[in-house]
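> From first to last, the protein sequence lines stand for chains A and B. All residue numbers for the first sequence refer to my numbering, where the first residue is 1 and numbers rise by one. All residue numbers for the second sequence refer to my numbering, where the first residue is 1 and numbers rise by one.
Worth flagging that the hints you see were computed from the coordinates, not collected in a lab. Do not rely on the hints blindly, as some may be mistaken.
Chain A is faced by these chain B residues, among others (derived, beta-carbon under 7 Å) [said to hold, decoys possible]:
| hint | residue |
| --- | --- |
| 1 | A50 |
| 2 | A153 |
| 3 | S192 |
| 4 | M195 |
From chain A, some residues computed to sit far from chain B (all C-beta separations above 12 Å) [what the hints assert, rightly or not]:
| hint | residue |
| --- | --- |
| 5 | L8 |
| 6 | E13 |
| 7 | L14 |
| 8 | P51 |
| 9 | G77 |
Note that the Cβ used here is the ideal one computed from N, Cα and C, for glycine as well.
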Amino acid sequence: MQHGGSVLAPDAELAVHYARELFGRRQESVRLWIVRRADVHDLADPDLLDPPLDRSFKKPGGYVMRDKLAAARERSGRPKSSAGERRAAPRSSPDGSQ
Amino acid sequence: MTTAAASDLVPATPNALALLLLAMADDEFVIGFSDSEWTGIAPLLEEDVAMSSIAQDELAHAQALFRLLADVVDDGRDADAIAYDRPADGYFHARLLDHARGDWAQTIARRFLYETADAVRLEALAGSSYLPLRDLVGKIRREERYHAMHITAWLERLASTAGEPRNRLLAALDRLALDAATVLAPLPDELSLLMAGVVDAPGSDLDARWRAAIAPVLARLKLPMPPPAADPPRARTDHSDAFRWLHGEFTSVRRLDPRAAW
C-alpha cells in the first residue's frame, strides 16, 4: 500500500472517478482507498517513528526458526506443506544442507 | 477467419453487418474526437484527465470496431484507411453526434444521451451470433459501465444545481432533442441482422428499451424525455457544418502523409 497522490473534487463520488483516472487507468493499481484530506491524521514525529535508542530486539531478524520448525516436523512425522517447500526450495543446496 | 464467419450467416447479412459495424465505429470515433476537444480546457484539472481518458477509450473502441469492419468488407483497406480516408459525407454516425461539443452542459447532455443508447445497443449484441463482435462487445461493456457512472454523476450535479448549471443543461437538452433518438434509429437491412441473430431485437425495440432505461433518471431529475427522432431514415446522413469542421481537424495529420507508418 502506498500513497498514490491527491485529487481535487467537489464530492466523494467524483473523487473516486478522478482517483481511478489519475492513479488507476494504466493498470498501476489493484485497489484504491479515497479519503477526505480532513480525515487524514498525520504522524511524522521522529521520536515516535525512529527512536534514538536501540530497538533491534523488536525486529524479527534475530530469531531463526528454521531448525526449530524442522525438528518439530520430525517429531510430528508430518512433511512440509507445499507452500513451505516452494519457499525453501531455491535456498536448498543439492546435498540438502541449508 | 472473421470474414468466413460473416459469410456463414444468411446471405444478406455481410452488407447489413458492415453497416452495423460502421455505424458503431463512426459513433465511437466521432464522439471520441469531439470530446477530446476538451483536453486542456475542461472545467477542472481532474475532469480534464477524466474526460480525455474517456474520449481515448471511445477511440480505442472505434479502432477495434474498424478492424472488425476491415475484415468484413475485405477490400484492401485497413482500419486507419476506413477511419480517416473518407470525405465528411461518407461518415455514418448518428446525428446526435453532429452537434458540436458546445458548452460543458451540452457535452454532458450529449454524452448522457449517447452512452445510455449505446449501452442498450451493446446489450442487444452481447449474445450476438457474430462471434468476433460478441467477444469485442463483452470487453467494451466493461469499460462503458464506468463511462455511464461518470456521466450520470455529472448529469445529476448539473440538473440539481439551480441557476446557471440547470439552465444550461435544459438549454442543451432542448438543442439536442430532435436528434436525441438517432443512435438507435433502425439501420438499413436490419431484418437480416435479426434473422441471423447478430442483434437480438429491431431498432424500434431498442428505442423502447432505451426510453425505459432513462425515464426514471430523467423523471427523478425533473428533466424532459427526448421526443422520437425527427426523421429516422436520415438519422445518419446529411451531416452538419460542425462535423465538417471536426472532420477537417481529425483528418489533418493523416492528410499530411497518408502512407506514413505510425
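> All hints are to be evaluated individually against the structure, with a verdict given for each.
Checked hints:
no., hint, in the structure
1, A50, "holds (4 Å)"
2, A153, "holds (5 Å)"
3, S192, "violated (39 Å)"
4, M195, "violated (40 Å)"
5, L8, "violated (6 Å)"
6, E13, "violated (5 Å)"
7, L14, "violated (6 Å)"
8, P51, "holds (40 Å)"
9, G77, "holds (50 Å)"
Of the numbered hints given earlier, the model fails hints 3, 4, 5, 6, 7; all others are met.
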